[in-house]
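Respectively, the protein sequence lines represent chains B and W.
Sequential numbering from 1 applies to the first sequence in the numbering used here.
Sequential numbering from 1 applies to the second sequence in the numbering used here.
Please note that a few of the clues may not be correct.
[Claimed, not checked] One side of the interface only, derived from the structure: several residues of chain B facing chain W at Cβ under 8 angstroms: (1) 58; (2) 62; (3) 83.
[To be verified] Derived BS3-like pairs (lysine-lysine); straight-line CA-CA distance at most 25 angstroms: (4) 114/B / 17/W; (5) 17/W / 46/W; (6) 8/W / 32/W; (7) 6/W / 17/W; (8) 32/W / 114/B; (9) 46/W / 6/W.
Rather than coming from a laboratory, the hints here were simulated on the basis of the structure.
We put the beta carbon where it would ideally sit given N, CA and C, even for glycine.
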Amino acid sequence: MADKKISALSSATTPLAGTEVVPIVQSGTTVKTPVSAFTGYSPAFSAYRAGPNQALTTATFTKVQLNAEDFDTNNCFDSSTNYRFTPTVAGYYQISGSIGLTGTNVRVIASIYKNGSAYFRGIDATANLSQFTVSGLVYFNGSTDYVELYAYGSFAGTSDISSGQIYTYFTGAMVRSA
Amino acid sequence: MTLYEKIKSIYPELEDKDFVDVICLQNDSDGKGDYIAAWNHPSLTKPTNTQLNSVV
């Protein structure tokens, strides 16, 4: 086949699926690699509590049931059963969460759990905050690692996790491959 | 009565600040309810299910 300038190629008419391959030189040898291997095609998500408000027990770390998604590029967020993000591409992800509480609280904490254990704790305030956050960089192995968002509130009476995307949300995106 | 209230009933001397790192109560929103995820109190022993169930 005769050499052909890239500029002479036809433009793609449909969005890339990630399964297409491109040539790349690795250790002096030209090999093919799928488009999905590039960071731009890695998982990103934005989930939130759509309602109703979620009941919280005082002094108890409670997993936030994030039951709606703004976007979930690779279907890696489970918004119906386990409310967790399990990316299928190994790498380092920036994960952020925000929690809104309705009641009068004397202490609030937002925490990211990785594989079922507390991994990052964000705001830990002995104050009546109605909105608090947590964020951090997390490594995922691309198969079994997952993260979840937990809320803690210490209060008398009742305090619920606020529904609404602007109050209670959980987001993440890959920033570097493994 | 919540698990927190039961523990406070058994050990009234516990303070709210103990219920973060010393004693960690957790609910995984899986329908199984609250449970003691960690108990690291230096002198008080973790209550048994019998003790917890006897609190009304």
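Okay, the hints, checked on the actual structure:
1. 58: Result: holds, 6 angstroms to nearest chain W Cβ.
2. 62: Holds - the Cβ of residue 62/B comes within 8 angstroms of chain W, reaching about 4 angstroms at its closest.
3. 83: Since chain W brings a Cβ to about 7 angstroms from residue 83/B, closer than 8 angstroms, the hint holds.
4. 114/B / 17/W: holds, 24 angstroms
5. 17/W / 46/W: Given that 25 angstroms is the threshold and the Cα spacing comes to 17 angstroms, the pair holds.
6. 8/W / 32/W: This hinted pair holds, its Cα atoms lying about 21 angstroms apart.
7. 6/W / 17/W: holds, 16 angstroms
8. 32/W / 114/B: Measuring from Cα to Cα gives roughly 20 angstroms; hence the hint holds.
9. 46/W / 6/W: holds, 12 angstroms
Violation of the numbered hints given earlier is absent; every hint is satisfied by the structure.
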